[in-house]
Amino acid sequence: MASDRGAPQARSVNRPPPEAKSLLEIEGLRVTFGQTAAVRGASFSVARGETHCVVGESGCGKSVTALAVMDLLVQGAQRSADRLQFGGEDLLTLPAKRMAALRGDRMAMIFQEPMTSLNPAYTIGSQMAEVFTRHRGGGRAAALERAAGLLGRVGITAPGMRLGQFPHQLSGGLRQRVMIAMALMCDPELLIADEPTTALDVTVQAQILRLLAELQRDLGLAILLITHDLGIVARIADKVSVMYAGEVVESGATAPIFAAPSHPYTRGLLRCVPVPGKVKRDELLGSIPGVVPRIPPGFVGCGFRDRCEHAVAGCAAPVPRQNAGGGHEYLCRLAPGWAA
Amino acid sequence: MSGPAIEVRGLRRVFRVGGGLLGRDREVVAVDDVSFSVPKGGVLGVVGESGCGKSTLARVILGLLPPTAGEVLVEGQRLDTMDRRARARLIQPVFQDPFASLNPRRRIRDIVAMPLEAQGGIGRREVEARVLEMLGRVGLSAEQAGRYPAQLSGGQRQRVAIARALVLRPRIVICDEPTSALDVSVQAQILNLLAQLRRELDLTLLFISHNLAVVEHVATEVAVMYLGRIVERGEADALFRAPRHPYTRALLASVLTPEPGLGVPDVGLGDILPDPANIPPGCRFHPRCPVAEPRCATDVPQRGAVECLLAAD
Ligand SMILES: Nc1ncnc2c1ncn2[C@@H]1O[C@H](COP(=O)(O)OP(=O)(O)OP(=O)(O)O)[C@@H](O)[C@H]1O
Ligand SMILES: Nc1ncnc2c1ncn2[C@@H]1O[C@H](COP(=O)(O)OP(=O)(O)OP(=O)(O)O)[C@@H](O)[C@H]1O
Ligand code: SF4
Ligand SMILES: [Mg+2]
Ligand SMILES: [Mg+2]
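For the protein sequence lines, the chains are A and B, in the order given. If you're matching positions, the first sequence starts at 1 in our numbering and goes up one per residue. If you're matching positions, the second sequence starts at 1 in our numbering and goes up one per residue.
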């Protein structure tokens, strides 16, 4: 789809061979923290110029998945995968030093709360310049010039003045724009955004999401966007992975997932969202009973079964990944078409 | 008794904020001459962006914060002249973060019993019975009543906070972002619970949220706040069908419903965020307003249901 677009900027280093379909390929990713299996065999891929959304409730493994890709998991976390490739590099065997060189350069990440990744003691300009000189070398003046250009690119007026300001002098929306500009300093191929608008007002959220969509179109960026908000997913995703209890339980292109959600969890989540004009006042919203369970290593069967209205005894045994056609898949005993 | 459940007249709340070592103190007008009333059994939804004064309004109505000017009447009475225990039987809050408001060292049943015990004169067995009855209503078991807050999920803790607020059977409940910290699935559980309890117990609600879709679902009337003022107020259906203030329109446009293919709308607001210590002259919304005219920078809109110069034309 968008893979024919490519990044407009000439990039001399590490250009992957053109036949590589996806920029990021994750297969069978597992992460455990002691007695918690946080990610249990997740697979998905992100192509250039594509926005891939990972969606699910709190605690279902979205952030851990992103951190596992960036190799930023805390000590004591155990990561394994059948395959973890980025732009032709095997991230499973890549030495730590080369991984560190990738981070912030070819792959960049922005978080929910920009203050956790901005240093309050340094100006915006020096933090942005540092990212660039660390990865690309060169002088500070050139880096600052690039920073000013990118601040303008993300819609910040008077970028020259902003370079001299400290993070606390900016509003939440402006800080998130600064984070995006900083992530773009080294012209990344992949941008991982973990709940980038969750802490923002709705009007500011809309502005930031429009910005991300526009940058992706103009720069051919691949975006992996993590959110718990199905509204955001519907509006900006090309592809969706619905995560539950560490697994991707449903995946595919956005339109079919919303037109024919097939995993009971996806269907439940969609029914919970209040949509103006859809559910009358005082009529009950749909809801999913219970909460996301903590799943121990060695768990077998469908992770959703104790909240699922369609659960039967057989759901305690391994359940198949059903193929609903056109790349739309889901993990459930119920065969395609069951919900129609 | 007839008359409104809540009546707010000319309410104003100013905070004095230190200007740092050398700076001068600044005045933040968090609530700026606000008047409205909520009929008995109504649900007033209050929406607006972060810092517009929603929580300050809630705290002044609850009597937790004195107003700088104006007055609040709850069922016709001023709370500051009322005995604490009578006040607790009349009006109760539910806040966003139940964890912060639940004592971590007390068991759930003791937390919910506290308002009853503070009333005095209620026997132990009755307290116990009423606590268990209320916990049952909010969907918590007797086993969970013996746990500590840390042993419950976020949604369960919010149920505890609701049980604690309702155990005295107040007639009015002020909910300040009661579901903002929760997952959509848990939010749906809590909204359904509030709707059911409201009907069963005949409650009047003031429901604060930054999520318009949630407000649309629960409110009978909506007040849109901007920089301390209610800039548009009206019956919920009418306001959602035909918003008149440009800020209300921008808020509504920002709601991202799960409908693919629509993209993210351009809400048309600039980046200049308002500073409550420095309220713009004329219409306070004019620096961000997508349809502002020159006169909007100088003329103050008339007070009323829609505070916009263009709406008056
Ligand atoms: N450092 C850690 N040590 C132990 N367990 C962890 C750690 N980080 C995450 N977990 C666990 O892994 C699971 C997945 O967590 P993760 O942060 O990925 O959730 P999430 O989907 O990002 O949720 P949220 O929407 O709340 O951000 C949770 O059960 C969590 O408690
Ligand atoms: N105790 C206080 N001292 C000084 N300023 C305060 C105090 N409480 C609130 N303010 C200021 O008053 C204004 C309104 O704050 P308030 O908490 O009422 O907003 P809000 O609408 O509830 O925002 P949010 O959606 O973030 O909860 C803000 O500018 C805030 O900084
Ligand atoms: S496998 Fe069983 S429990 Fe799991 S979602 Fe399908 S029906 Fe429900
Ligand atoms: Mg997370
Ligand atoms: Mg508040």
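Read the hints as simulated data drawn from the structure, not as lab findings. Treat the hints with care, as some may be off.
[As the list claims (entries may be wrong)] As a list, the in silico SDA-like pairs of lysine to any residue whose alpha-carbon atoms are at most 20 Å apart:
#	chain 1	residue 1	chain 2	residue 2
1	A	Lys278	B	Thr220
2	A	Lys278	B	Lys40
3	B	Lys40	B	Val14
4	A	Lys278	B	Glu7
5	A	Lys278	B	Thr257
6	A	Lys280	B	Gly261
7	A	Lys21	A	Gly326
8	A	Lys278	B	Ala238
9	A	Lys278	B	Pro260
10	A	Lys280	B	Thr257
11	B	Lys40	B	Glu7
12	A	Lys278	B	Arg171
13	A	Lys278	B	Gly3
14	A	Lys278	B	Leu193
15	B	Lys40	B	Asn211
16	A	Lys280	B	Val255
17	A	Lys278	B	Val255
18	A	Lys280	B	Gly3
19	A	Lys278	B	Glu259
20	B	Lys40	B	Val17
21	A	Lys278	B	Gly261
22	A	Lys280	B	Gly41
23	A	Lys278	B	Gly76
24	A	Lys280	B	Arg198
25	B	Lys40	B	Thr257
26	A	Lys278	B	Asp80
[Unchecked claim] Quick partial rundown of chain B residues pointing at chain A, CB under 7 Å, derived from the structure:
#	residue
27	Glu49
28	Phe95
29	Val184
30	Leu197
31	Leu201
32	Ala250
33	Ser254
34	Pro274
35	Asp275
36	Val306
Cβ atoms here follow ideal geometry from the backbone N, Cα and C, with glycine treated the same way.
For each hint, the structure was consulted:
| no. | hint | verdict |
| --- | --- | --- |
| 1 | A/Lys278 x B/Thr220 | holds, 16 Å |
| 2 | A/Lys278 x B/Lys40 | violated, 26 Å |
| 3 | B/Lys40 x B/Val14 | violated, 29 Å |
| 4 | A/Lys278 x B/Glu7 | violated, 32 Å |
| 5 | A/Lys278 x B/Thr257 | holds, 10 Å |
| 6 | A/Lys280 x B/Gly261 | violated, 24 Å |
| 7 | A/Lys21 x A/Gly326 | holds, 17 Å |
| 8 | A/Lys278 x B/Ala238 | holds, 15 Å |
| 9 | A/Lys278 x B/Pro260 | holds, 16 Å |
| 10 | A/Lys280 x B/Thr257 | holds, 16 Å |
| 11 | B/Lys40 x B/Glu7 | holds, 11 Å |
| 12 | A/Lys278 x B/Arg171 | violated, 29 Å |
| 13 | A/Lys278 x B/Gly3 | violated, 33 Å |
| 14 | A/Lys278 x B/Leu193 | holds, 19 Å |
| 15 | B/Lys40 x B/Asn211 | violated, 24 Å |
| 16 | A/Lys280 x B/Val255 | holds, 17 Å |
| 17 | A/Lys278 x B/Val255 | holds, 14 Å |
| 18 | A/Lys280 x B/Gly3 | violated, 27 Å |
| 19 | A/Lys278 x B/Glu259 | holds, 12 Å |
| 20 | B/Lys40 x B/Val17 | violated, 37 Å |
| 21 | A/Lys278 x B/Gly261 | holds, 18 Å |
| 22 | A/Lys280 x B/Gly41 | holds, 17 Å |
| 23 | A/Lys278 x B/Gly76 | violated, 37 Å |
| 24 | A/Lys280 x B/Arg198 | holds, 16 Å |
| 25 | B/Lys40 x B/Thr257 | violated, 31 Å |
| 26 | A/Lys278 x B/Asp80 | violated, 42 Å |
| 27 | Glu49 | holds, 4 Å |
| 28 | Phe95 | violated, 18 Å |
| 29 | Val184 | holds, 5 Å |
| 30 | Leu197 | violated, 12 Å |
| 31 | Leu201 | violated, 14 Å |
| 32 | Ala250 | holds, 6 Å |
| 33 | Ser254 | holds, 4 Å |
| 34 | Pro274 | violated, 10 Å |
| 35 | Asp275 | violated, 10 Å |
| 36 | Val306 | violated, 19 Å |
In this structure, the hints that do not hold are numbers 2, 3, 4, 6, 12, 13, 15, 18, 20, 23, 25, 26, 28, 30, 31, 34, 35, 36, in rising order.
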